[in-house]
Amino acid sequence: MTHSDAMNCEEALRLLAEFLDGELHGAEHAHVQHHLETCRSCYSRSEFERRLKAQLGQMGREDVRPSFEQHIRQLITQFTASPAKPSSDA
Amino acid sequence: MVTVDQSDTASWFEQAVLGVLPNLVAAARRLTRNATDAEDLVAEAVAKAWLGLPSLKDRNRFRGWIFRILTNEFLAQRRAPRLESDVLPDEMSEFSIFEQLHQPFLLWWSNPEKEFLDKLLREDLVRAIDRVPETFRVAVILADVHGLSYQEIADAVGVPIGTVRSRLARGRSLLQKALWQHARDAGVRTQPKDRDVT
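As they're listed, the protein sequences go chains D and R.
In terms of our numbering, the first sequence has 48 at position 48, counting the first letter as 1, and numbering is strictly consecutive.
To convert, take the position in the second sequence, counting from 1, and add 90; that gives our numbering.
Treat the hints as calculated values from the structure; they're not laboratory data.
All values derive from a computational prediction rather than experimental measurement.
It is possible that some hints are incorrect.
[Unchecked claim] Chain D is nowhere near these chain R residues, computed Cβ spacing over 10 Å in every case: (1) Ala117; (2) Arg221; (3) Asp234; (4) Thr253; (5) His272.
[To be verified] Pairwise CB distance ranges, derived in the manner of DEER restraints: (6) D/Arg73 <-> R/Glu189: 47 to 55 Å; (7) R/Lys209 <-> D/Ala81: 48 to 56 Å; (8) R/Ser256 <-> D/Ala81: 43 to 51 Å; (9) D/Asp63 <-> R/Asn162: 39 to 47 Å; (10) D/Gln58 <-> R/Pro250: 28 to 36 Å; (11) R/Ser239 <-> D/Tyr43: 20 to 28 Å; (12) D/Asp63 <-> R/Ser97: 26 to 34 Å; (13) D/Gln70 <-> R/Glu205: 38 to 46 Å; (14) D/Thr77 <-> R/Ser239: 29 to 37 Å; (15) D/Glu10 <-> R/Val249: 42 to 50 Å.
Note that the Cβ used here is the ideal one computed from N, Cα and C, for glycine as well.
Please model the entire structure based on the sequences and the hints provided.
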């Protein structure tokens, strides 16, 4: 990466959310990555946001009550027996 | 009479639904903030998914597809009673816990912001998410809790990607503000700047 490609903190922080969300590609991704490897303050910010996002990601599953799972199974069984079935080439 | 193809489709559908059921329940719980409403929402989404199954061209995309149905159903149920603006005048400035806590001369692993995260419980996050207004909560839940892409969220909510970006930015700011406030109330917050949230 050349000096002229270097990204400053303001730009890096502006793109940080998209970087952590996996929405940056190509040169922009590389520039943010390089900045985080060379700027302690932005790296710390990045680590904080990444860990908070990871903790939120751990909330993506919840225990399903057995009776509710059974209800869903019965619902699907009813669908399959009903005349309003979707076409099988879905 | 159920044909072999229909039976295969039904069997595949059941396995696909059961495979993501804990995820759907989690999403619905955070969207509705109510266990009973959440189960009703999931059941309704599963019914709509079955009826709409012919529109699913790639079964590998089932997860994003059924999340879209769940979100659409939630928004359709909520749209009638109230509409929330994307703009909250008193919430325009970004709030960052990191900026409240960061001490630049400390290394990351000894910093108060790391300590703050270490002390957070799932319950703290649940309470904070539940306090975020619906428009922004939906974006944060889909992106951060369930890992949907911006495009998947845009499709689910029916807005442009730029709107997803701005809702996420505001939603995350509001979430951090709610977390900070809750942490202060619960005595979780560590230090060093004893600022009140206004």
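Evaluated hints:
| no. | hint | in the structure |
| --- | --- | --- |
| 1 | Ala117 | 8 Å, violated |
| 2 | Arg221 | 14 Å, holds |
| 3 | Asp234 | 4 Å, violated |
| 4 | Thr253 | 14 Å, holds |
| 5 | His272 | 14 Å, holds |
| 6 | D/Arg73 <-> R/Glu189: 47 to 55 Å | 49 Å, holds |
| 7 | R/Lys209 <-> D/Ala81: 48 to 56 Å | 52 Å, holds |
| 8 | R/Ser256 <-> D/Ala81: 43 to 51 Å | 46 Å, holds |
| 9 | D/Asp63 <-> R/Asn162: 39 to 47 Å | 25 Å, violated |
| 10 | D/Gln58 <-> R/Pro250: 28 to 36 Å | 30 Å, holds |
| 11 | R/Ser239 <-> D/Tyr43: 20 to 28 Å | 25 Å, holds |
| 12 | D/Asp63 <-> R/Ser97: 26 to 34 Å | 30 Å, holds |
| 13 | D/Gln70 <-> R/Glu205: 38 to 46 Å | 44 Å, holds |
| 14 | D/Thr77 <-> R/Ser239: 29 to 37 Å | 33 Å, holds |
| 15 | D/Glu10 <-> R/Val249: 42 to 50 Å | 27 Å, violated |
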